[in-house]
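What follows is the residue order along each chain.
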Amino acid sequence: MSILSILKANLRSKKSNFISVLFLMFLVTLVVTTACSVSDNCKKRVEQSLTESGVGDLCCNFMESYENVLTEEMIGGIEAYEEVERVHRIFDVVVSSKDSMSIGGKRIKDRMLFQTYDKKNMPYPVFGKNNLEFLQDPEPLAEGEIYLPVSFQTRYSCKVGDQVKVKSETINKTFQVKAFIEDVTLGNPLFNGTKNVWISDKDYELLKKAYEKGDALLSSNDTLMVYQKKDSKLEEKEFKAEIDKRTGVISNASVMFSKHDFAFYATMITNIFSAAMIVFAVLMFSGVLGIVGHNITTTIEMDYVNLGILKSQGYGKWELRAVYFCQYLLAGAVGGVLGFLTAFPSTYFMSGLLVQITGFLPEHKISYGISLLAMLLMLCFVVGFAFIKTAKIGKISPMRAISGGRDSIYFSPRIKTTLGKRGLAFRMMLRQITTNARQYISSLVIVAMLVYFIMAVTSTLSVLNEENIMKDYYGVEFDLMVSYKESLEVKKDVEKLIEEYGGMERVYLCPSVYLTLDGDSINVNAPESSQEFTNVFKGREPRYENEIVITEIIAKKYGLKIGDTVSLAHDRENREFLITGYYQSVPNAGKGMSMLASGLECYEFSEHELNQYNYLVSDKKQIGRLVEKLQEQFSNQIEITDVQGIRESMQSISTASMASSLLIYGISVLFILVAAYMVCDKVFLKERNDYGIYKSQGFTTNNLRLQFSLRFLAVAFAGGAFGAACNLLTNDKFMEMALSSMGITHFVTDYGFMDYAVPVLVLTIVFFFFAYVISGRMKKVDTKSLIVE
Amino acid sequence: MGSILLKTKDLCKSFSNNGEQNHVLNQVNLEIFQGDFTVIMGSSGSGKSTLLYCISGMDTITSGDVWYEGRAVNAMKEKETAMLRRGDFGFVFQQMHLVSNLSLFENVAVPGYLNKSKTTKETNERARELLAQVNIQDAMKRLPSQVSGGEQQRAAIARAMINEPKLLFADEPTGALNQKNTKDVMELLLGINQNGQSILMVTHDVRAAIYGNRLLYLEDGRILGELKLAPFNAKEAKSRETQVNAWLASMCW
Ligand SMILES: Nc1ncnc2c1ncn2[C@@H]1O[C@H](COP(=O)(O)OP(=O)(O)O)[C@@H](O)[C@H]1O
Ligand SMILES: [Mg+2]
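Chains A and B are the protein sequences, given in the same order.
Heads up, the first sequence is in the working numbering, so the first residue is 515 and it goes up one at a time.
Heads up, the second sequence is in the working numbering, so the first residue is 24 and it goes up one at a time.
Hints were generated in silico from the structure; no laboratory data involved.
From a predicted model like this one, the values you see are computed outputs, not experimental measurements.
Ideal Cβ placement from N, Cα and C applies to all residues, glycine included.
Among the hints, a few may not be true.
Derived DSS-like pairs: lysine-lysine, alpha-carbon spacing no greater than 27 Å straight-line [what the hints assert, rightly or not]:
#1 A:K1293 with B:K139
#2 A:K1293 with B:K102
#3 A:K1006 with A:K1200
A few chain B positions that, by computed beta-carbon distances, are all more than 10 Å from chain A [what the hints assert, rightly or not]:
#4 S66
#5 D82
#6 G110
#7 K141
#8 T142
#9 T143
#10 R182
#11 Q220
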């Protein structure tokens, strides 16, 4: 086969070309396959874990203040419903006072729900060593042993064998961490505040007795799990609504999560992460196409004579074009297959890494279907692109080619640049760019895209760490949220203490409760006055007790808009509210509403829930100490949530952003390495002769190297600046698209100078550096090469 | 006869070809004098170009020495040879080798910008003068691809002259030109030489060689003969060609 021999010769002589395309395709396939597989594995594992651990389709939660709300009659009503298979009730003893419990010496930040490890009904998977597998048949917990959710390994930096101390009025007990548990419900690090822990039956009885005897530091939590029949055809929404209609169990519960809710929250971070990686891969792939295009164009220019000769020997244009398709198909396919194979260890590695971040262990299977499809699609694009780019070959006439009549590779520049003594290298560089601008476009676009993407990812970091995170992403502003358990008697004393430590800036009433909409529990913040609504970005804030603002997520999910009325239920009380605007709320992944405190008056809530006050402290640095003091003195009478806790639950998002931005930086640098190598290499080969000439005229190697790499510095910088400018203009919209599943529908980018300067400078310098390294070959360019026999 | 500008001592140059040594220059000893128009002749493949590039510091040598103004060119670092090319040596190639994205004027002026002792304005002034001297001032805004080979070679000569070199090297400057252009270019070089410019030219073309006043014959890697002539006079061109041909014949040309 004659084509085959040309192909072989080409592969031999243009090895670097081949390897570069191969490597880029390798990188893109690796990222796509890993991202798709990880996201798939997470989704599957979460579903599997929920099923394995016996979590009900609906989990209705009754906190202590809802004691006696869940009646036998309700349960009977649910069991009688023909779509229900069964119910399962779990009674937890709760330790919530931060002073009463420590894990590995650290005070707890969450309410701890103590329960037995119920192997029969709720066999949560137990991790073996290194979090890499599950125990097949975990031994029953002995006295003094405890299981913790795996996310505690980072949340409390604890390990197997650490001590967990519980000290209430009547209990003083030390547990030893036996193992960690995969809990995709409350174990999710995104959930702030309430966590399941598991102890032996005997210890549980002990705690329960103490609670029943009236130990003031212990409380209770009742959970009713409802299991829908396997063959039931009802949608979750209809099922919920029907159950609530029959029994009122949902509107009476303090909160209700469905299995789907848990699955949604559990996979949120990995989904965003995978989506980011896939978008990134798509950008990189368009970079690959740009480079392939540039490659083909320059190769044809340089091979002009050879192609002419081959034509004169009887090769048709199709045969010659086929050489190019095959070359790039081969490089792409080999790179794709290698990337696909490398995705195995990389997926394995990622699943191990994810345990800490997500609280569950995804499998490490490769999603063959979607990955192979993506690879195939990319190969088609590469070949199609090669097809378009090689059209030129048809136009080469053998005569002109052989007589050396290759067209000048330069164009008359439209932009006039003058040369002169001062800044000669710089002016020469400008001339090089203006006389052949086209060959730098791919580099420019690649840098622009990478900068855009890096900025987008890092913008989440700067936002989530901002001072105004509460104002913009929570809905109301506070440093401390104090809920008075019994009465407001101690309020004065509490405020005195706040004034003493840090100084009290402001206080306002703001209960936070759950109301039921269409059978869904929705978190409602209810500040006392209209001024407290800090981030209503569309419409206006509620001014009357029958008005409400909702998030865009809620609007979309329930088909609501400004001007509509929405009906909210609690404890068989149903009331209509007029929607006056949109706001956003991150802590509940956007499932939130906000109204005036007076709006809650028609419902029956406990004092505990209604007596919540939000405090703003003047000296933010004192908050930590203040919280300690408050807990010391009032741990029986109040419950405190400080912003720090909420920030911490967002920490996992920051961690994911940080990890992805580091990863993206890393891949970007690799990508630029190869892209810079390919582009610089081609440009260098093309201009090699010119460098010989310059040298014969007395230019030094260093001077020429500088001239060569400076132009890539300029191109990369222009690309970076362009990418940064595009990002500055569109980042809000882009992030809203990317983060809406997290509850962010109104993103306000807040860049400091460094946020755009760093990516632009890093990528520019990297590009410059590689160009400089490649131009090291300048040393070897000899004026001798100008000699013609 | 002027003073010695450049001399070689036992200059050897060999290329290894698959382990086989090809001795192209074999103990060449020669001297180049100030003000001469020296021509090195020899058959194709005899090593003329190699000799030119060895003595101008563009290529390394195998053994021996090349002396220029009391300094050994062969011992210089890259930076020093660059300086030498910048100030003292000028080059004209067979294939002109103009930079394709610079206009003729810029091709001439750019090496001039490297000269520390002249301002941009002075350099531009000199470039314009040189372009006028080689008679292509009308085409100076054009790119090399937009002018003829003869015009390109004249621009290349102007470029070689921009830094007022002490010695102008020319490797087959007429090799790619037709008869008419050959005559133009040689007359140009002769004119420059008459203004005091020392020239070392390599050629195998007798019609170009006759313009020199000192002819050397290179064969088997050695200088085998030398012919001294009076300065060129257009009226005696025919008889001079006959004389040179006779000399070449005696060298087994
Ligand atoms: N880079 C090289 N490597 C190997 N051999 C070379 C090289 N350059 C020149 N030669 C050999 O040196 C000899 C002289 O070449 P050259 O100086 O170009 O001859 P001329 O200019 O007289 O025609 C030739 O035989 C050629 O094959
Ligand atoms: Mg030669």
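Structure-based check of all given hints:
Our distance criterion of 27 Å between C-alpha atoms is met by A:K1293 and B:K139, whose separation comes to about 23 Å. A C-alpha spacing of about 11 Å is found between A:K1293 and B:K102, which places the hinted pair at or below 27 Å, so the restraint holds. For the hint linking A:K1006 to A:K1200, the alpha-carbon distance of about 81 Å lies beyond 27 Å, and the restraint is violated. Distance check on B:S66: its Cβ is at least 13 Å (rounded) from any Cβ of chain A, clearing the 10 Å threshold; non-interface status holds.
Against the 10 Å criterion, B:D82 falls within the reach of chain A, whose nearest CB is about 5 Å from its own CB. With a closest Cβ-Cβ approach of about 7 Å to chain A, B:G110 is found to fall inside the 10 Å limit, against its non-interface label. Non-interface call for B:K141 relative to chain A: violated, since the shortest CB-CB distance, roughly 8 Å, does not exceed 10 Å. Separation of B:T142 from chain A is inadequate, the least Cβ-Cβ distance of about 7 Å not exceeding the 10 Å criterion.
With a minimum CB-CB distance of about 4 Å to chain A, B:T143 fails to clear the 10 Å threshold, and the non-interface call is violated. Here B:R182 does not stay apart from chain A, with its beta-carbon only about 7 Å from theirs, under the 10 Å limit. With a cut of 10 Å on Cβ distances, B:Q220 stays outside the contact zone with chain A, its closest approach being about 17 Å.
The structure fails to meet hints 3, 5, 6, 7, 8, 9 and 10 from the earlier list, while all remaining hints are met.
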